[in-house]
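Generate the whole structure from the sequences, applying the supplied hints.
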Amino acid sequence: MTVATDPAHSHEEHLCLASEESKQKPLRIQDLSVGYGGVIALRDATAAAEPGTFVALLGPNGSGKSTLLKAIVGAASVRSGSISIGDATTVAARRQLIAYVAQHESVEWSFPITVLNAVELGQIGRSPWLPWRGPGVRQRARRALAAVGMEDLRHRSVGALSGGQQQRVIIARALMQDAAVFLLDEPLSGVDPGSAQVILGLLRRLTREGHTVLMATHDVDEAARYADRVWGMNGSIAVDVPAGDVLQADVMRRIYGEHLVILEGGVVALGDQQR
Amino acid sequence: MIEHWLLEPFQFDVQRRALLEVVIAGGLCGALGAHIILRRLGFMADALSHAVLPGVVIAYIRVGVGGVLYGALAAGVLAASAIGLITRNRRVREDTAIGIVMTGGFALGIVLISTLRSYATALEDFLFGNVLLVSPEDLQITLILAAIVGTVMFVFHRRFVLRAFDPDTAEALGLRGDLLDLVLLMTLAATVVVALRSIGNILVVALLITPAATARLLTDRVLPMMLIGAALGAGSGVVGMIVAYQLNLATGALIVCVATAIFLAVLVLEPRRGLVGVLRSRRRRDVASPTAGLPEAAAPATTHSH
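Those protein sequence lines, which keep their order, are chains X and G. First residue of the first sequence: 0, per numbering that gives the first Met the number 0; consecutive thereafter. First residue of the second sequence: 0, per numbering that gives the first Met the number 0; consecutive thereafter.
Rather than coming from a laboratory, the hints here were simulated on the basis of the structure. Hints are supplied without guarantee of correctness; some may be wrong.
[Unchecked claim] Here are the simulated distance ranges between beta carbons:
no. : chain 1 : residue 1 : chain 2 : residue 2 : range
1   : X       : Gly133    : G       : Gly98     : 40 to 48 Å
2   : G       : Asp177    : X       : Val38     : 19 to 27 Å
3   : X       : Ala47     : G       : His156    : 38 to 46 Å
4   : X       : Gly36     : G       : Asn247    : 57 to 65 Å
[To be verified] Derived coverage of chain G by chain X (criterion: at least 3 residues anywhere in the stretch with Cβ under 8 Å from a Cβ of chain X; other residues may be distant):
no. : stretch
5   : 118-126
6   : 154-165
7   : 213-223
[Stated by the list, open to error] Examples of chain G residues toward chain X, derived with CB under 7 Å:
no. : residue
8   : Thr168
9   : Glu170
10  : Ala171
Note that CB positions come from ideal geometry on N, CA and C, so glycine has one too.
Below, the structure is given as structure tokens:
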């Protein structure tokens, strides 16, 4: 475990240990269809993200945001099409390059584990057969926790944290994975504004360092403000636009269809079933 | 005097073997029980312990007492696989599959016992255990199984933890959730076999669940939970054996009663989250901060979505 030394960036300590070349990997999705059982959840999706891009996945419930993320990481079955990160095309090869943050409610938060131990589990993909924590893992976990402002709470049980703090913990765990690509499934849902700022700032910093970030979200405003590009999802990747264009009515209509409500004065609101 | 009362149950070889058997079974169950509880496999554990019965009986009829443990292990592996395979059919939910395999296996076991001439005694030994029947050979098998189970728990510890804590991320990291569950269930089957002798088929699940549940009340860490669970399981076994011998009561059932009594005592008396502690701090909280002592309240209510 050595820290990547890059003299040009030595003034700012890097968040991840991935070497420069390992990060320069474009993500390409080509004619992708994904299904569960007899149901096709995502059809003929095509898009690409260059290294260092922050992509927000926007769309109504059931539009395929989670499905796309799960397909990329190999947790949903691909029916046709291809996904590649650099020259990694197989699931096993892709997994080495991906850090995945699952939806908050899929985590068993009552589990008896400390913040620090939970973050250290991020290293398990590197050495699944090692029964104990590998060398240097504790230090890296503490650095990852410091990056999300949670180092002081490292001995707490995860169940004793607020929703926002819990989310910061699993994002710290994702930082442990030396990933080129970060996939986050609604990381800001149920998160307090302070934690949301920390998480968004961190994601921006990761993209500055050359990582690619894909974040599923319901929040159009958030996507417009923080992302570089928006992939509008509607059973497929319906639009791929610069984040600044997302608030245009025709773009919104292509993503949300009949869910869209345009209020007076050009303010866009959503007939959102979520909350 | 009291020394005599405590040590008298262990003056013969057969009793000392029984003691060792009970300590190993209790310790193993208590430690593995932590993973069972955290993975929410309590019902599955119950099912497996009953489903091994036909294997036990067939081995008993074919090979004799020496083969019982092998028969149980084979049946346990078979039952765990059967539940896993049945659940692959999307129209059969897991609890349904568990219920079918549990009762089907148990019934088959009792039908097989009814073919024996000594039906009544045999039934009692199988269902309620008879720790004084432990032969040196049985004990040897118990030790081997304990070593295997211990090794599996050590090697798979971190993966079991991640699987139970954050299953989606475990999958994303390349851990096969279904295979990990199968490994845990095979380990469970082996542990049930170990505990069958001392506790019997019906109550064996109590030794898996109750000491580990007590340990969960006492700690917020997995490893201490396993260690406390093991200590409580073994301790319940020893205390149960002594009391059962001196008062001439059913050993297996008494061990479970002891474990249950400890659980209830901890539930009520545990200083931070026990009933007594909570009531006392609630009275105190009326004048102090409204959230102190209630970490559970931090979990946010979020809606499910895709």
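Hint-by-hint comparison with the structure:
1. Against the hinted window of 40 to 48 Å, the Cβ-Cβ separation of Gly133(X) and Gly98(G) comes to about 42 Å, which satisfies the hint.
2. A C-beta distance of roughly 21 Å is found between Asp177(G) and Val38(X), which places it inside the suggested range of 19 to 27 Å.
3. Distance hint check: the CB atoms of Ala47(X) and His156(G) are about 40 Å apart, consistent with the given range 38 to 46 Å.
4. Hint check: Gly36(X) to Asn247(G), Cβ distance near 58 Å, so the stated range 57 to 65 Å holds.
5. Closer than 8 Å: that is the beta-carbon criterion, and the stretch 118-126 of chain G has 0 residues meeting it against chain X, so the requirement of 3 is violated.
6. Note: the stretch 154-165 of chain G has 10 residues with beta-carbon separation from chain X under 8 Å; the three-residue rule is met and the coverage holds.
7. Proximity of the stretch 213-223 of chain G to chain X, defined as three or more residues with a beta carbon under 8 Å from a beta carbon of that chain, is established by the 5 residues found.
8. With a cut of 7 Å, the hint placing Thr168(G) at the interface with chain X holds, because the nearest CB-to-CB distance is about 5 Å.
9. With a least beta-carbon distance of about 5 Å to chain X, the hint placing Glu170(G) at the interface is held under the 7 Å criterion.
10. For the restraint placing Ala171(G) at the interface with chain X, the shortest Cβ-Cβ distance is roughly 4 Å, inside the 7 Å limit, so the hint holds.
Comparing the model with each earlier hint shows a violation of hint 5 alone; every other hint is respected.
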